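Asks: Residues in the sequence shown are numbered consecutively from 0, following numbering that gives the first Met the number 0.
It cannot be assumed that every hint is accurate.
Claimed, not checked - Only pairs whose alpha carbons sit at most 20 Å apart, straight line, appear in this in silico PhoX-like list of lysine-lysine:
(1) K174 x K216
(2) K216 x K180
(3) K209 x K180
These aren't lab readings, by the way, just hints derived from the structure by calculation. Computed from a prediction, not measured in an experiment: that's the story for all the values here.
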Amino acid sequence: MAFVTPLFLWIGTALVGIPLVLHLVMRRRSRRVTFPALRFVRSRFQVVHRRLRLRHWILLILRMAILFLLCLLLARPSLRPSGAGAGEESPVAAALVFDTAPRMTYRYRNQTRLEVAQEIADWLLTQLPRDSEIAVVDAGTSAAAFAVDRAAARTQIARLPVSLRPASLPETIVKAQELLKTSSLERREIYIFTDLAATAWPEDQIPQAKRVLEDEKRTGVYFVDVGVPQPEDAAISDLRLSREVAAGGNPVELEVECRRFGTPASQTVAIFLRSATAKTEPADSYVKRSQRTIELEADGVARLPFSLGNLSPGIHQGFVSLEEETPLRANDRAYFTVEVRGAVPILIAAPPPPDRHALYLSQALAPEAFRRAGTAAFDCHVVGHDELPATDFTDYAAIILLDPPPLPDPVWDKIEDAVRSGKGLAIFLGRRASPAEAWNTPPLRRILPGRPLIQSRAPAGDVYLAPRDYSHYLLSPFRPLAGSIPWDLFPVYRYWLTEIDVQSTFVVAEYSDGRPAILEKTLGRGRVLLVTTPVSDLPDESPWNLLPVGQAWPFVILANQLGMYLSGAADIRLNYLPYEVVEAPAGGRDTASTFLLERPADIFAASLPPEPPVRLQPDPATGR
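All chains, please: the whole structure from these sequences, using the hints.
Replies: Put into structure tokens, the structure is as follows:
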């Protein structure tokens, strides 16, 4: 047992002796009287005297007990907690765990949830016993450690950063508990400041945190709820781009997903583009391009399409934003970056007459109306197969061979060198590929994803393209319509069966009979696509398929995806999430000796300016 004021205990012990001294001093002394006549009275006196003495002793004990209890009350005794070995005033090892996810910036009654947590934690510091060890643990990536003193802990609390990729609370609690184990103090406490959002508690991680806390029964765990009973908010929950790299005058399509939490509300969504002359990131460097208003139902989701056209060649950065102020501003914006290129130069080699045989593909890639308007995505240069030996491939991003015959090995060597340097190659096999044995030369074995074997015929028209997986870049535009694309309206009557090297070849698409239709192989820094049926047959040549004729919108989409894929658009990624690793290739067609990294301002601290740009030097050994 411990006493808050033990001095009163010692004073009380001394005071207890006062009644005893008074009792001894005031004790009645008897006198001897020899009087035989009073013998009866004397015997009666002895009985009364014994009774009085008993009463005096009882009174003495009561007085002493009252004084002792009074002093004991003033001494304020307290019991030790079981197993603690120390009282409430003994030092404690305390870990203050903060949920620092972006949602903690939710503003209610002019305070964010994090500010409320900081205010309570600041008060808690004043209540902890002297010489306590205090650690401030957040959900970020920083290591947990005890603060030097109480003032340092208070500074840490005041400067808590918001983490864009926070750890879960079970992980953070485990980190705090592991830190407390290093303390020599017996009393241990964990205070968890959170809004109790379910997203911070992944179900698969809760058992681990529970086991860790149960193993240390001396640790007290206290939750501090700083949440809002019925939160309401509107957010931009997703932003999808039709493409990150656009060629020519093709517009960039955006789909914005808005989500409402709580009661119905009207929201205005605006799209901003950064000014081409802006050197910093203040708000006035962005120009509003468009806006739309939408009615959001209670806890509902709505999607808004936007189109960005007339973009000049170059990099364009922007964001989509909610115009109305919301309690949680962290999810009011979604940023994006797109690149607009000029027309991509494509070399198409076709059978004679090349212009006629390349008509379907060249019109799909660069329609005549688009070429005249200067908005075509591709600049197609058509040559005959016999012109390939004298053609310089340097100025082309991709090479497409339509129904090529077996070419001389020097031509294939030249094509191989171009592909290995980073250019794309597509080969459409057709009637001129015979004989199949001519495709078994060393250069072709290195280049081709599959070696032609024999022709397969389906005169009934019951064979057609039937991709099983739409995850490849070529087929990604078809993914939302995967079950409704009328591939059967474009039958394939003849195609080549191929021998595939399963280790180096990827099947992009199949026919309805399960056989490969489009094959891919990586060669050096470039890629090779092999299509086992042509798209260059003239109407009077008994065509092998009807892919490019009629309402051939699937063929047009597929041709444009093929052109962008071969020219390297699929390798360019311009949009990243926080904490993702960004790798910028250095060398090849797009050589660069220095990269400029511009870091944006902190969206959770609007008063801070953006950090200055940083120049990065690529690693000569890795090229990155």
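Asks: Next pair to validate is K174 with K216; report whether the Cα-Cα distance is within 20 Å.
Replies: At roughly 16 Å apart (the allowed maximum being 20 Å), K216 and K174 satisfy the hint.
Asks: Does K180 lie within 20 Å of K216 when you go C-alpha to C-alpha?
Replies: The hint holds at about 12 Å.
Asks: Is the Cα-Cα distance between K209 and K180 20 Å or less?
Replies: holds, 16 Å
Of the numbered hints stated above, none is contradicted by the structure.
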